[in-house]
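Quick mapping for you: the protein sequence lines, in order, are chains V and B. Here the numbering used here is used: the first residue of the first sequence is 1, the next is one more, and so on. Here the numbering used here is used: the first residue of the second sequence is 1001, the next is one more, and so on.
The reader is advised that the hints may include incorrect statements.
Cross-link-like lysine to any residue pairs, in silico, SDA-like; alpha carbons within 25 Å at most [to be verified]:
#, chain 1, residue 1, chain 2, residue 2
1, V, LYS207, B, ASP1329
2, V, LYS69, B, LEU1339
3, V, LYS69, B, ASP1329
4, B, LYS1368, B, SER1262
5, V, LYS258, V, TYR234
6, V, LYS69, V, GLU86
7, V, LYS69, B, CYS1185
DEER-style ranges, computed between Cβ atoms [stated by the list, open to error]:
#, chain 1, residue 1, chain 2, residue 2, range
8, V, LEU92, B, SER1115, 52 to 60 Å
9, V, PHE263, B, SER1218, 54 to 62 Å
10, B, ASN1167, V, ASP81, 24 to 32 Å
11, B, SER1218, V, ARG24, 46 to 54 Å
12, V, THR206, B, THR1567, 24 to 32 Å
13, V, THR206, B, ALA1150, 41 to 49 Å
14, B, THR1120, V, ARG82, 39 to 47 Å
15, B, GLU1113, V, ARG82, 40 to 48 Å
16, B, ARG1126, V, TRP177, 53 to 61 Å
17, B, LYS1414, V, LEU92, 56 to 64 Å
18, B, HIS1199, V, LEU92, 35 to 43 Å
What the hints contain is simulated information worked out from the structure, not anything from laboratory work. Note that the Cβ used here is the ideal one computed from N, Cα and C, for glycine as well.
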Amino acid sequence: MVGGVLPPTETSNPTWTVEFADVRTYVARRLLQAIPTLLGVTIFSFALTRLAPGDPVQLMTFDPKMTVKSREILRHQLCLDRTTVEQYFIWLLGSQECNTRGLIRGDFGDSLYDKRPALDMILERVPATLELTGTALLIGILIGLGIGIYSAAKHGTLFDSLSRIFAVIGQAIPTFWLGLIMILVFAVILRWLPVGGRYTLSIEGTKNFFDHLKHLMMPAFVLALFWIAILSRYMRTEMLEVIRQDYMRAARAKGVPKRKVYFRHGARNALIPFITILGPAIAGLLSGAVIVERIFSWPGMGRLAIDAVFQRDFPLVMATVMIGAVLVIGGNLLSDILYGAVDPRIRLN
Amino acid sequence: MKSLPKFTLALGLLALAAFAIAACTPQEVQVVQTAIVEVEREVQVTVVVEPTSVPPQQGGTIITSSFADPTIFNPILWNDSPSATVSGLLFLSLVDQEPFTGELVGEIASGWEVSEDGLTYTFTLRDDIEWSDGTPLTANDFKFSYDAIASELVETARKSNIELVDNIELIDDHTVAVTFSEVDCTALGNFTLGMMPSHMYAADFTDIMDSPENTAPSVVSGQFAFQEWVPDDHVTLVRNDNFVDGAPNADGWIYRIFADESAELAALLAGETDVTGVGAQFVSTIEGRIASGDPLDIFKFFDDGYNWIAMNQANPDNPQNGFEDLNEDGAYTEGEPLLPQDPHPILGDPAVRQAISHAVDVQGIVNKVAFGQGAQIPSNVLPAIGWAFDNTLQPYEYDLEKAEAILEEAGWVKGSDGVRRKDGQRLALTLETNAGNETRENIIVLVQDTLNGIGFDITAQAVDFSSMIGELLGQTFDMILLGWTGKGSDPDDVGLWEYRFDTVGSGFNFTSYYNEEMEAIGQAAKTLPGCDPSERAEMYADTQRMLHDDAPYVFLYNPLANVIWNTRVEGIDPGPWRLWYDVQDWTISP
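Chain V on its own, in the form it takes in the complex (with noise of 0.2 Å):
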């Protein structure tokens, strides 16, 4: 994505498709590496699950009208009264008897709760976590880059005292609390945007674009403030790194114009540190908006994987986590293949 925005210079356009043919056996190899990291994953945190205290049978028969024996018969239909070892395998590999066909087939089981697979409960809260975080995302990107290069630029001026103030208050102010204050102004009095949810609720059902936008533009806001603030200072502290170079000095020199400079030979070379934090970001996407989430009534995942581990709901904890572990894999892959596509003398190897 952030490749794309920038023209690929002419010195690597020859290269090209050797180029992708290292890329591709590169990312075939860190794919291979990837399966042992998983099943350690796996492993771990299922063991982690498991001895940790708590009981989903004890919590969902927390009723004393309920007997000893009604709750052993539960236990024994959950197939949670056999030993830890003997779980994991039947999670991995499937159980006719317990009703799962295991990892390997794609079936994370079913949650203990919800009594429905794991799975489609992930990937029905996956839209509309993406659509917030990757809009808060792509507007941090956008207004974070742009205050970082343009502050850089104009070193030490009042423009840059007001970012850098910003960047600092944008990190501080607790997510909460500017939520619930935004709602309080602009959902409770003036009433011009919606307390929560995606949309506005009506039994015909019927979605338009502008009330989605309306419902989107807090939380989306709320979320993007961050993304501004940490990715502006951090632009801001690159490009004046690269300003002082003496490459720089000879574009300027040779005449080229000051934006084409600073956007063509300076933000290309202040990009590779903000790709090392873009790859926690995309893995950050489906879990990095717990808060936000919870304060607009988002009907997303962080909700979802909150409530799953202090419910003891072993099945969904454990789909959750191996989806995060598969994104944080995918995500620094990702970022080292960009390194590469912006920072030609960079080998992938």
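Based on these hints, arrange chain B on the given structure of chain V.
Then chain B, alone, in the frame of chain V:
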């Protein structure tokens, strides 16, 4: 120097921000000092209504809210209150609570007879009820639903509902006889679960766990029919034109889910939701809004639950079952004798438990922490169960001097560090509650403070709910603060006090309480032939007094709950036991 003005500017802005934040701290909440223990009695008033030709306002949608998502809409599989709420509007049950008294009355049942031996209940079902697809609702649907609970193919936390049921016999389409294995005055309470439409499921129960009906019921018997569920967002129901008591006036009913209580309150104030309940901390805000003319109304009622601090009477380092497990099956089997417990080094002494009961300032806690929304209780039966509540029994008086005197007399004397000791045992205890529940976290700190003042050394800890339940049922705790809700309208709670329910890891007599006399009376009251309320009330008066004196719990308070609605909803008449029972008659002004 360029940096000086920048620095000043930054400071200025920070100061501004600090002011803004300070300006937004919540105002002092006025604590309402009322504590009415008596339940408000509903007075029957006959209102003569002029016959009118104007039909009630049709259309509109009732929007309610909750801060938890439902999980499943199958009436025998749900296990949480949001699912129960939605399921209650979709499916009628055999019997249900009368909204104002809590007494169990027929819903699908038009009446029932109990055999002389008290073991067989013969229910007559209304013959005019149809499912929303036009199929008649019959006794077979009842038998199917309860047989399903018993089936080994069905994983449900409702197995205890059929545990005492020996046999369900269909007499005809609208008559069914249920035979119990022992007399139980609380038996009817097992039949408040909604009935499933048997014609939508395989007769051998094989598809119940995986049926699409669980998440999107297509056939219903209640006021509303299912339309849509977006998890963590909303559930939409639409009018059931086939509802037996007439289709609702409203077109639909929407259940909006808010993850955050403040957001839920904001939606009510912004007019986005119509009916909801709020936490004690928000009641004064709402009452202020009503006083200043906001179109809201509130109904407050005592919830059917209470908060308590359990005091473990057995040694937490050596948790034991309360019975000798002769056949080693891990559970109580008929006839297994009592196993005397290794007593708790401190709480095993009744004097200490009584001293603690005197030292906890319950009224102060209600005022300071629960914002006045609750009333102190003397024992285990709630005032709302008027016929069984012993109103002559007084709660423990808050009296620190008396508490200290009891401790002195029992031989607990202060050491040089200000902590009491007896035979080398320090009066040091751990008091826990679940993290994240602000009210409870505040209570344990207040209790810690007073008890430490009279020579205890209390460690107060807030722990994750699930871990806490593990400690509670595992009987490895000293003191835990928690509450019961949904106690229902029968005073029976023998499961909390009998030795056979003292099972490590799963039994609810987790305090290892034992009182032979109290156990005998409790059983007699539960299994009294004929279940005459006045006779049972006398027995419960005795058990309440014994529990009060033995103090296995510090009985704290009965919380005051509320329903708040926007006045554009008309015809709403909430009772303490039920809210939605007459939702078909509600109207929404446009």
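We went through each hint and held it up to the structure:
1. Distance hint between LYS207/V and ASP1329/B is unfulfilled; the C-alpha atoms sit about 58 Å from each other, more than 25 Å.
2. Proposed proximity of LYS69/V and LEU1339/B is supported: the alpha carbons are some 20 Å apart, at most 25 Å.
3. Taking the CA atoms of LYS69/V and ASP1329/B, the gap is about 10 Å. The hint holds against a cut of 25 Å.
4. For the proposed pair LYS1368/B and SER1262/B, the alpha carbon gap of about 20 Å is at most 25 Å, so the pair holds.
5. At most 25 Å may separate the alpha-carbon atoms for a hinted pair to count; LYS258/V and TYR234/V meet this at roughly 21 Å.
6. Annotation: proposed proximity of LYS69/V to GLU86/V holds, straight-line Cα distance about 23 Å (limit 25 Å).
7. For the suggested pair LYS69/V and CYS1185/B, the alpha carbons sit about 21 Å apart, so the restraint of at most 25 Å is met.
8. Distance hint for LEU92/V and SER1115/B: a CB-CB separation of about 54 Å, consistent with the stated range 52 to 60 Å.
9. With their beta carbons about 59 Å apart, PHE263/V and SER1218/B fall inside the hinted range of 54 to 62 Å.
10. Take ASN1167/B and ASP81/V: their Cβ atoms lie about 29 Å apart, and the range 24 to 32 Å holds.
11. For the hinted restraint 46 to 54 Å between SER1218/B and ARG24/V, the CB-CB distance of approximately 50 Å keeps it satisfied.
12. Judged by the Cβ atoms, the range 24 to 32 Å given for THR206/V and THR1567/B holds: they are separated by roughly 27 Å.
13. For THR206/V and ALA1150/B, the Cβ-Cβ distance of about 45 Å falls inside the hinted range of 41 to 49 Å, so the restraint holds.
14. The given range of 39 to 47 Å is respected by THR1120/B and ARG82/V, whose C-beta atoms sit roughly 40 Å from each other.
15. Between GLU1113/B and ARG82/V the C-beta distance comes to about 47 Å, which sits within the given range of 40 to 48 Å.
16. Separated by about 54 Å at the C-beta atoms, ARG1126/B and TRP177/V satisfy the suggested range of 53 to 61 Å.
17. About 59 Å separates the C-beta atoms of LYS1414/B and LEU92/V, a value consistent with the hinted range of 56 to 64 Å.
18. Under the hint 35 to 43 Å, the C-beta atoms of HIS1199/B and LEU92/V, about 39 Å apart, fit the expected range.
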